[in-house]
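If you're matching them up, the sequences are chains W, R, V and G in order. Each residue of the first sequence is one higher than the one before, starting from 92 at the first, in my numbering. Each residue of the second sequence is one higher than the one before, starting from 92 at the first, in my numbering. Each residue of the third sequence is one higher than the one before, starting from 92 at the first, in my numbering. Each residue of the fourth sequence is one higher than the one before, starting from 92 at the first, in my numbering.
Calculated from the structure, these hints are not laboratory results. Misleading hints may appear alongside valid ones.
No copy labels: a pair is met if it fits in one copy or bridges any two.
[To be verified] Straight-line Cα separation of at most 25 Å, SDA-like style, residue types lysine to any residue; simulated pairs:
(1) 280 x 105
(2) 153 x 363
(3) 249 x 156
(4) 291 x 105
(5) 139 x 271
(6) 189 x 293
(7) 286 x 382
There are 4 protein chains.
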Amino acid sequence: MNSAIRAAVRYGISEGMEVYGIECGYRGLINGYITRMDNRSVSGIIQKGGTILKTDRCPEFKEIEYQQKAVDVLAAYGIEGVIVIGGDGSFRGIQDMKTNFGYPFVGVPGTIDNDLAYTDFTLGFDTAVNTVLWAVNNLRDTMTSHERVCIVEVMGRKCGDIAIYGALAGGAEIMLVPEVQVDIAAISKKIIQNKIKGKKSDIIMLAEGVCDAEVLREELKKRTSISLRTVKLGHIQRGGTPTMADRVLGAKFAARAVDLLKQDKGGRVVGIKNNKIFDMEVGQALNTPRKLNKELYELVNKLSQ
Amino acid sequence: MNSAIRAAVRYGISEGMEVYGIECGYRGLINGYITRMDNRSVSGIIQKGGTILKTDRCPEFKEIEYQQKAVDVLAAYGIEGVIVIGGDGSFRGIQDMKTNFGYPFVGVPGTIDNDLAYTDFTLGFDTAVNTVLWAVNNLRDTMTSHERVCIVEVMGRKCGDIAIYGALAGGAEIMLVPEVQVDIAAISKKIIQNKIKGKKSDIIMLAEGVCDAEVLREELKKRTSISLRTVKLGHIQRGGTPTMADRVLGAKFAARAVDLLKQDKGGRVVGIKNNKIFDMEVGQALNTPRKLNKELYELVNKLSQ
Amino acid sequence: MNSAIRAAVRYGISEGMEVYGIECGYRGLINGYITRMDNRSVSGIIQKGGTILKTDRCPEFKEIEYQQKAVDVLAAYGIEGVIVIGGDGSFRGIQDMKTNFGYPFVGVPGTIDNDLAYTDFTLGFDTAVNTVLWAVNNLRDTMTSHERVCIVEVMGRKCGDIAIYGALAGGAEIMLVPEVQVDIAAISKKIIQNKIKGKKSDIIMLAEGVCDAEVLREELKKRTSISLRTVKLGHIQRGGTPTMADRVLGAKFAARAVDLLKQDKGGRVVGIKNNKIFDMEVGQALNTPRKLNKELYELVNKLSQ
Amino acid sequence: MNSAIRAAVRYGISEGMEVYGIECGYRGLINGYITRMDNRSVSGIIQKGGTILKTDRCPEFKEIEYQQKAVDVLAAYGIEGVIVIGGDGSFRGIQDMKTNFGYPFVGVPGTIDNDLAYTDFTLGFDTAVNTVLWAVNNLRDTMTSHERVCIVEVMGRKCGDIAIYGALAGGAEIMLVPEVQVDIAAISKKIIQNKIKGKKSDIIMLAEGVCDAEVLREELKKRTSISLRTVKLGHIQRGGTPTMADRVLGAKFAARAVDLLKQDKGGRVVGIKNNKIFDMEVGQALNTPRKLNKELYELVNKLSQ
């Protein structure tokens with residue numbers, strides 16, 4: 092996200108704007124955690140994980156009196172438009188500011204599990220999957236003993252993209268995602284077959300939205316009598332030096348978001364589709380139905396022989 | 092590249108083909124360095140840099156008698172089509188095999204400097220730029236002494252993409268690419284201005300096709316009296332564990348290449364444009380004029396304030 | 092471990108020995124998984140995690156009839172001495188071979204949790220702690236939201252060294268090791284105090300031998316009403332490219348082990364004490380009482396203010 | 092170095108001291124770049140490369156009037172003792188402050204090339220060699236084409252330790268250090284022999300103090316007709332996230348340095364010998380003759396078969 096913050100600040104300034112940083116998300120906005128930013132404020136941050144502006148939850152921002160407070164604070168600072176980096180929840184705030192106050196907020200998709208269907212990729216996804224690959228590399232190194240099957244639980248409550256891309260790039264043998272009904276009998280069979288075929292190790296990439304890794308382990312152990320390891324990558328996936336792709340994407344997203352504010356176009360979110368940056372109305376973005384990347388899903392299965 | 096090899100083998104087998112590996116490129120083809128491959132031959136290679144099939148140069152493959160020898164060898168093995176991973180030079184061989192013998196070769200773009208204009212990205216580019224970023228991170232850590240300006244020479248004889256993406260994602264202050272005429276006076280001025288502005292460190296990203304880092308250092312020192320460091324990343328950029336993006340791209344490219352051979356379509360190369368895999372006639376691909384990514388180039392300049 | 096294997100092979104050959112590799116530990120020995128090795132057999136393995144010779148459990152090696160079988164196999168191959176890389180369990184086999192058959196086995200300490208008290212360091216420990224640090228870096232990046240306390244569960248059933256070194260080098264605020272009685276009230280107090288002091292994030296480094304991370308989380312939540320994250324690093328700690336220190340240590344250990352066999356000194360294990368390689372009788376090594384590194388433990392507490 | 096700074100601050104405070112940070116070395120001291128530090132000043136720095144206190148050269152500190160100025164500044168701040176992290180040059184300042192003013196300065200050895208003979212290891216050495224190994228890994232991946240011999244030039248003007256440890260841990264075939272007379276005929280012979288033996292790739296680890304990589308390349312090419320690559324790692328070796336060993340060493344060094352100041356023992360430097368922290372008189376430290384680690388040097392040669 093720091094790449095997007097850096098780009099928003101510098102691109103905004105180069106377009107003649109004054110730029111402010113709001114810390115801790117909507118909570119910080121309501122409470123006036125706002126500071127002026129210049130080109131130097133964002134020096135040396137591009138390689139850092141996390142965000143220099145911090146994040147926080149703010150469930151009360153759903154209520155109109157808190158939104159009103161935000162409008163008042165922004166007016167006091169003379170801020171005429173806001174860029175929000177986040178996911179579903181943050182985007183609803185953008186919509187409310189448009190609907191209730193006609194106040195221009197624009198959104199940049201920043202969720203590591205790539206769960207915003209209107210855009211091909213979200214900020215942080217590339218970094219997260221590369222972190223998953225690092226962990227899979229480590230696991231492969233040592234999967235030479237009895238327990239040759241390992242379940243790797245990765246992020247993704249509703250969207251299995253980390254699991255799919257992680258499985259394709261990590262060479263996982265089996266992959267379970269929330270978008271596809273689990274066929275436990277087929278998985279058990281594949282584990283047994285891989286053992287017979289002489290595969291040295293099996294990695295099962297499991298999106299957290301399917302079930303807990305321990306539950307899957309118990310079930311598979313019962314059916315196959317093979318003992319399995321589990322690894323839950325958890326919050327390790329959230330941090331780490333961002334990859335090139337995420338830094339470039341952050342800069343492009345931010346530049347487009349600044350352009351939107353310059354044209355006073357609020358209530359919109361930016362995204363990338365077919366390798367082109369675009370923007371669309373936030374409500375429409377939120378209503379875009381999630382679809383499984385079927386082609387990639389099937390490619391994983393073909394390649395995991 | 093190993094991801095593409097793995098995918099070609101397994102996808103090919105899943106499509107009912109027999110698959111062979113040709114080692115050491117065209118030289119190996121002429122000399123019959125050919126072995127049968129099965130699913131197990133490509134186990135545990137996806138995370139490895141380099142290529143398990145090795146590479147070699149073979150300038151004599153331009154001559155028709157060597158091409159004829161290749162055709163004979165392939166006939167002897169009963170091989171009906173060949174997938175070639177490489178750049179310009181390798182692709183000319185594909186064209187010759189089509190024109191002179193009607194023999195189906197298909198090409199996968201595999202050059203780290205992204206210098207094939209017909210495709211948005213080539214295999215290895217994402218990994219190479221991430222390696223450049225790693226080096227830039229290390230350099231930034233220590234640029235706190237007198238010599239605050241550092242020239243980082245990266246690959247790219249005719250194509251400045253590593254320098255452009257590296258500069259954008261690495262937060263470089265200045266960038267020199269072969270596609271744009273160097274304005275040494277402007278660069279000198281920017282270095283001086285950055286010093287006055289209080290910038291802690293300057294990184295100049297230099298594509299090797301522009302000039303040698305030492306030449307630039309001398310010239311800038313003469314004009315600014317500021318001492319500069321140089322770092323030439325050289326062959327370090329070629330290796331390393333491939334990134335997620337390169338592994339996924341390799342798998343997709345290979346699957347398309349197998350599909351082409353299955354349909355007996357030779358003389359074609361695969362590529363990615365607007366995030367979609369496509370294929371085109373090899374001669375047309377080789378004639379696609381190289382263009383600077385102007386938008387990205389200008390974004391770097393705006394963000395390097 | 093591959094560094095030790097490479098060194099044993101090449102150093103042995105340079106001393107005029109014939110060298111064989113036994114795969115899968117004692118199980119492989121009993122079953123004759125034995126191949127001749129030359130200098131080329133260990134090319135290109137030094138940077139790989141895991142072991143090219145694989146590992147396996149073999150509880151039946153405690154029984155004399157299986158030990159007898161091992162002796163028979165070794166005699167059939169004309170093998171006059173064996174180097175074993177492992178921990179407690181493997182070392183007991185060395186002792187038995189000495190006591191029951193006078194057969195020279197020597198041991199190299201290879202356990203990632205540094206739980207062999209007779210040596211300052213074991214092979215794999217440096218790599219494992221560096222992996223822990225990598226994970227801690229990632230976690231710190233994102234600990235900017237509500238859940239600012241994170242429990243990181245690391246390996247170490249009886250020995251807290253990964254936790255102690257990881258805490259010192261990772262800047263953890265709190266550390267729990269099996270050698271020291273847990274004072275849950277003191278920990279709760281420290282968490283609250285750190286929050287009051289304005290610490291942005293707390294990391295609790297927990298050795299698995301103390302308790303499960305979830306158990307600790309529940310207990311601390313009950314006492315402090317602060318929500319905590321947990322991350323169990325698990326088998327990720329076992330793999331990964333070995334660090335310089337582990338590769339150098341492996342080479343030194345292996346060279347000494349070869350020297351011992353050359354002098355026909357079996358029933359001994361090698362180690363490092365005060366930065367010097369030494370060897371001692373295996374029984375004595377196994378009886379060395381484990382001691383907490385008190386100085387380091389207290390330094391962590393002083394530095395975690 | 093940040094680990095040592097963090098430890099000095101927190102350990103000092105825990106011992107009841109007031110702690111100040113002096114930026115930019117002796118130059119900053121003379122110019123009063125001094126700020127009060129508390130436990131929070133050193134939060135979140137342990138994983139960062141470089142130093143938060145910056146460095147600078149200050150050749151004029153050799154002159155007594157500048158030393159007098161330093162004494163005056165320190166007196167004005169009420170600072171009673173100073174910890175200096177650095178090498179030869181910085182240590183001479185410590186000696187002068189003792190001899191000329193009886194002012195207590197203590198030294199922590201911080202040079203990446205391990206060139207201080209009185210201590211087994213200096214701060215930064217472990218990190219630097221691990222960075223070298225990373226580069227060697229990348230190079231090995233791609234050394235499959237014609238140019239199979241690569242010269243890697245690493246730091247070390249007078250001390251070849253980076254080259255020796257890098258060669259041992261990186262599996263280099265040949266190693267050139269300033270402590271040993273180069274036998275160019277023997278090296279040429281070994282390159283040819285390795286080619287004949289079928290070695291896939293040769294890495295020559297060259298300490299910069301021996302000669303420039305280009306000079307060696309020319310000479311070897313003339314003698315062997317084999318084309319060689321060169322890579323100069325340069326300043327990349329200086330940065331990067333510090334390893335566990337360096338962080339732990341930094342903390343231990345700093346704690347001992349604080350203890351010395353507490354006892355008002357100036358003119359001393361800390362070090363590590365046989366894995367034990369010790370301190371000694373600075374003049375004696377500077378006069379300790381440098382010795383080649385012969386055992387390790389020979390081990391490299393034995394293992395590079």
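Verification of the supplied hints:
{"no.": "1", "hint": "280 x 105", "in the structure": "between (60 Å within a copy, 19 Å between copies)"}
{"no.": "2", "hint": "153 x 363", "in the structure": "neither (27 Å within a copy, 42 Å between copies)"}
{"no.": "3", "hint": "249 x 156", "in the structure": "neither (31 Å within a copy, 56 Å between copies)"}
{"no.": "4", "hint": "291 x 105", "in the structure": "between (56 Å within a copy, 20 Å between copies)"}
{"no.": "5", "hint": "139 x 271", "in the structure": "neither (35 Å within a copy, 31 Å between copies)"}
{"no.": "6", "hint": "189 x 293", "in the structure": "neither (50 Å within a copy, 38 Å between copies)"}
{"no.": "7", "hint": "286 x 382", "in the structure": "neither (33 Å within a copy, 43 Å between copies)"}
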